[in-house]
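*Asks:* Sequence:
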Amino acid sequence: MNFLGIDAIISHLFFGGIMLYSKMLIPTLREDPKDAEIDSHKLMLRAGLIRKSAAGLYSYLPLGFRALLKVTQIVREEMNSAGALEILPPFVTPAELWKETGRYDTMGKEMLRFKDRHDNEMVLGPTHEEAFTNIVRETVHSYRDLPVNLYQINTKFRDEIRPRYGVMRCREFIMKDAYSFDTDEAGLEANYQAMRTAYRKIFKRCGLEVDPVLADTGSMGGSASEEFMVPSQVGEELIVKCHECGYVANTERAVAHREYSVSGDPLLAIAEKETPAVKTIEELTAFFSTTPDKFIKTLVYLADGAPVVALIRGDMEVNEVKLKNAAGAVELQLAGEEKVREVTGAPVGFAGPVGLKNVRIIADISIPPLVNAITGANKKDLHLVNVNPGRDFKWEKAADIQSVQAGDLCPECKRPLNAYHGIEVGHIFKLGYKYTDAMNVIFLDKDGKEQKPIMGCYGIGVGRTMASVIEQSHDEFGIIWPMSIAPFHILIVPVNVMDAAQMEAAEKLHKSLSSRYEVLMDDRDERAGVKFNDADLIGIPIRITVGKSFAAEGKFELKLRNSKEKEFLGEAELIKRVGEIYENEMAGFNRD
RNA sequence: CGGGCUGUAGCGCAGAUCGGUAGCGCACUUGGUUCGGGACCAAGGGGCCGUGAGUUCAAAUCUCACCAGCCCGACCA
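Numbering (this note's numbering), first residue to last: 5 to 596.
Note that these hints are calculated values from the structure, not bench results. We put the CB at the ideal spot given by N, CA and C, even for glycine. Among the clues, some could well be false.
Straight-line alpha carbon distances no greater than 20 Å define the calculated SDA-like cross-link-like pairs of lysine to any residue that follow [as the list claims (entries may be wrong)]:
1) LYS398 with LEU303
2) LYS103 with ILE139
3) LYS434 with ASN329
4) LYS343 with PRO373
5) LYS568 with ALA532
Listed next, with one range per pair, are the computed distances between beta-carbon atoms [as the list claims (entries may be wrong)]:
6) GLY87 with ILE13: 15 to 23 Å
7) ARG204 with PHE118: 36 to 44 Å
8) CYS417 with ARG531: 57 to 65 Å
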């Protein structure tokens, strides 16, 4: 074989050869499997792309595996051309690495730990910052070796509490993850932007519309971070977007523009007010005949086990991710009734910041400007009026801990924000020095001085990307694959395999098209209806039928999966037309 | 881990109230008729009724325990 480049070789290895439906394993299902809830999951099972082996564990069958490989190949090409280097580290990592950064204790149960026969502690990699940082620590010692951006396309395991939606959120999954190391922040910025651009190309080539949205950095740590979101009703993330100026952010970290008018009213004397069984903001608003923004809502949380009191204006909701970050906590949850009583001395509904002792208080930025506010008195059936922040209570920290919703104002241009659900298919982070510090990665700069590299990391859920494509591109009959990741480009359907002339023509066509395209031929002795229905289900973009029109006038029927039109063409015209369609579709994925 | 539900053939389900040793549709095998949108006829194969214990002459069915899976909440690509 000529040297064609790694990408061509990979394509050849996986996709070469003449493919017959009868020799494939495509176990299509007529009925929806009862466990599948969302369309992509149903269709992946029905079209014979995947089979489940246990909760959150799936096998990719031939058709699904081919599509998956197409996605990984696109990822690989774009990563390579962005200057990243592919490596293959082990899926199992020793616990010591995780202990170095402290994540062995902070990662939680989604990280599956086990011991080998020598009693060494091991981890099934849920992510690979430590492993990659370690490789760089061992191999990179000079600024001349930097920057590097290493990546893998490899199995990950996260012992999800609740796997669901098939391959969309499973426990074992394929992920592309890259880790960049730079000498300085400018270098990181360049790598980050290169990845951002590569990601847009990757998803575009997969036929997906994505939004890069501002995101929370979560347990990875770091400063800037963006998620690549596929808008979808089944998405598990809530995104707010401004159609005016383009501001897009995950609600976990979105901010809203708000006016905090400081009234010139004189501060009145604090006073108790009996409020028998009046607990919710709604009830209180009615009871005091005022508006919700006059109240200080007081919520008790447990941050890593210790109680934290969050204060927010009555007309707003606390965003727990923001609060968690403000509190510097790893885990955060609303405290139970007993804990509330313990901290405040009163039942739920009567908590307030005045007089609270020995507990951290985090106030939303909406709190300090309040004047003569109303809040719980930490006694049953009692509230306080004319409470003034600063005078009557203090707080450890004031931070933006408020939830942002559709209708709130854009922080950039002050127009109302819209909200939609999205599937997170990729995530890019600027990690900073978190890992290189913890693991003491050193290189010598030009002046021979010891420095630490600055890191970024960049992930793509490969299986999830594939599922998102199906979620976004299907109809009542089945999958509609984009040409770029379809398991085959062309499906040839001889209607009657017993008809020698038809079969001969179909085989000849199969041979001549196979040199340039991936062609599957449905040579099964099945009725036309069965073949057409399976064809629609598995969603190959180009369908060529050899049947009636061939018998009558020697013409092939050309139909595209994404259209209802049929064309009837002789062989030469057909081949030309297929070429046009293919080239045109593929070019479309690369256009800006 | 909390709340709700389900485990019977490869898939979808019935049978359970009323205990008597398992059935339907699809899929599968064979033969025939059919043949452009999930055909028909005939004959077949396939089940430790999730696991274990208990009650009983007898358990898919009643009791208890366990296991697994699904849905709703906290984790995330």
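*Asks:* Mind checking the alpha carbons of LYS434 and ASN329 for me, to see if they're no more than 20 Å apart?
*Replies:* The hint holds at about 17 Å.
*Asks:* For the pair we were handed, LYS568 and ALA532, check the Cα-Cα distance against 20 Å.
*Replies:* holds (17 Å)
*Asks:* Are CYS417 and ARG531 spaced within 57 to 65 Å by their CB atoms?
*Replies:* holds (60 Å)
*Asks:* Between LYS343 and PRO373, does the CA-CA distance stay at or below 20 Å?
*Replies:* Since the Cα atoms of LYS343 and PRO373 sit roughly 29 Å apart, the hinted pair is violated (cutoff 20 Å).
*Asks:* Okay, GLY87 versus ILE13 on CB: inside 15 to 23 Å?
*Replies:* holds (21 Å)
*Asks:* Would the pair LYS103 and ILE139 pass a check requiring their Cα atoms to be no farther apart than 20 Å?
*Replies:* It holds: about 16 Å lies between the C-alpha atoms, which stays within 20 Å.
*Asks:* Taking only the CA atoms, is the gap from LYS398 to LEU303 under or equal to 20 Å?
*Replies:* holds (16 Å)
*Asks:* Would you say the C-beta atoms of ARG204 and PHE118 sit inside 36 to 44 Å of each other?
*Replies:* 39 Å Cβ-Cβ, so the 36 to 44 Å window holds.
Against the hints set out earlier in the document, a violation occurs for number 4 only.
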